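**Q** Here is how the chains run, residue by residue.
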Amino acid sequence: SAVISQKPSRDICQRGTSLTIQCQVDSQVTMMFWYRQQPGQSLTLIATANQGSEATYESGFVIDKFPISRPNLTFSTLTVSNMSPEDSSIYLCSVDGVPGSYEQYFGPGTRLTVT
Amino acid sequence: GQNIDQPTEMTATEGAIVQINCTYQTSGFNGLFWYQQHAGEAPTFLSYNVLDGLEEKGRFSSFLSRSKGYSYLLLKELQMKDSASYLCAVRFLKSSGDKLTFGTGTRLAVRP
Chain A
1 SAVISQKPSR DICQRGTSLT IQCQVDSQVT MMFWYRQQPG QSLTLIATAN
51 QGSEATYESG FVIDKFPISR PNLTFSTLTV SNMSPEDSSI YLCSVDGVPG
101 SYEQYFGPGT RLTVT
Chain D
1001 GQNIDQPTEM TATEGAIVQI NCTYQTSGFN GLFWYQQHAG EAPTFLSYNV
1051 LDGLEEKGRF SSFLSRSKGY SYLLLKELQM KDSASYLCAV RFLKSSGDKL
1101 TFGTGTRLAV RP
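Chains as they are written, first to last, in my numbering: chain A, 1 to 115; chain D, 1001 to 1112.
If you're looking for bench data, these hints aren't it; they were derived computationally from the structure. Every value quoted in this text rests on a predicted model; they were computed, and no experiment measured them. Be aware that one or more of the hints could be misleading.
Unchecked claim - Label pairs and their computed distance ranges (CB to CB):
1. Ser1067(D) / Thr115(A): 44 to 52 Å
2. Asp64(A) / Ala1109(D): 36 to 44 Å
3. Asn1030(D) / Val3(A): 42 to 50 Å
4. Asp1005(D) / Gly60(A): 34 to 42 Å
5. Thr115(A) / Arg1066(D): 45 to 53 Å
6. Ile12(A) / Leu1051(D): 30 to 38 Å
7. Lys1076(D) / Asp64(A): 44 to 52 Å
8. Ile1017(D) / Gln24(A): 34 to 42 Å
9. Ser53(A) / Leu1051(D): 28 to 36 Å
Every residue gets a Cβ at the ideal spot worked out from N, C-alpha and C, and that includes glycine.
Using the sequences and the accompanying hints, generate a full structural model.
**A** What follows is the structure in structure tokens.
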């Protein structure tokens, strides 16, 4: 299985600022995803991070608010821009397992609190 | 839409059996997953079903009926450590690639 690390693990940020979250995988993966889990809620897919091209965003999420980078097959970043308290959430990076396994693995998450 | 429905909360007794149900819209279905998530932790993979029937893995089993858009997760010989949220997730085929959509999760409390 893939081992995924995220930085930072948690942060408290002020309204109007931006935070960049890093996701590092211990092996090359084709698909990387970013999810949000708001307090007491389930996971919502923000976007698919595509290596070498622009990310694919889900309905309700836009690049200006959540710019994503994917410079190679083991690393991605998600930026939460111009934050408001409504952005307080856990942000999780996720990757597909080995081809044919169908599993999807999750990083430990970044707990963001916006004041 | 691709609604996925599961009960919000369940309570069961240590040593007992509990069944957590999940229903989903069938259009574009390409596999169903169950994840376990303890409070403050990332989801961990439990099971995957793409064909009808029962998949057993130790104390956990997962069932799928594609025609009915229905799955359940069966937990046997419940232990206190099984207290967690259980997330049903469906992989839907999309032109932009398969996407995993999660249900709201079922919070299971196991009592002594």
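**Q** Name the hints, by number, that the structure is in violation of.
**A** 3, 4, 6
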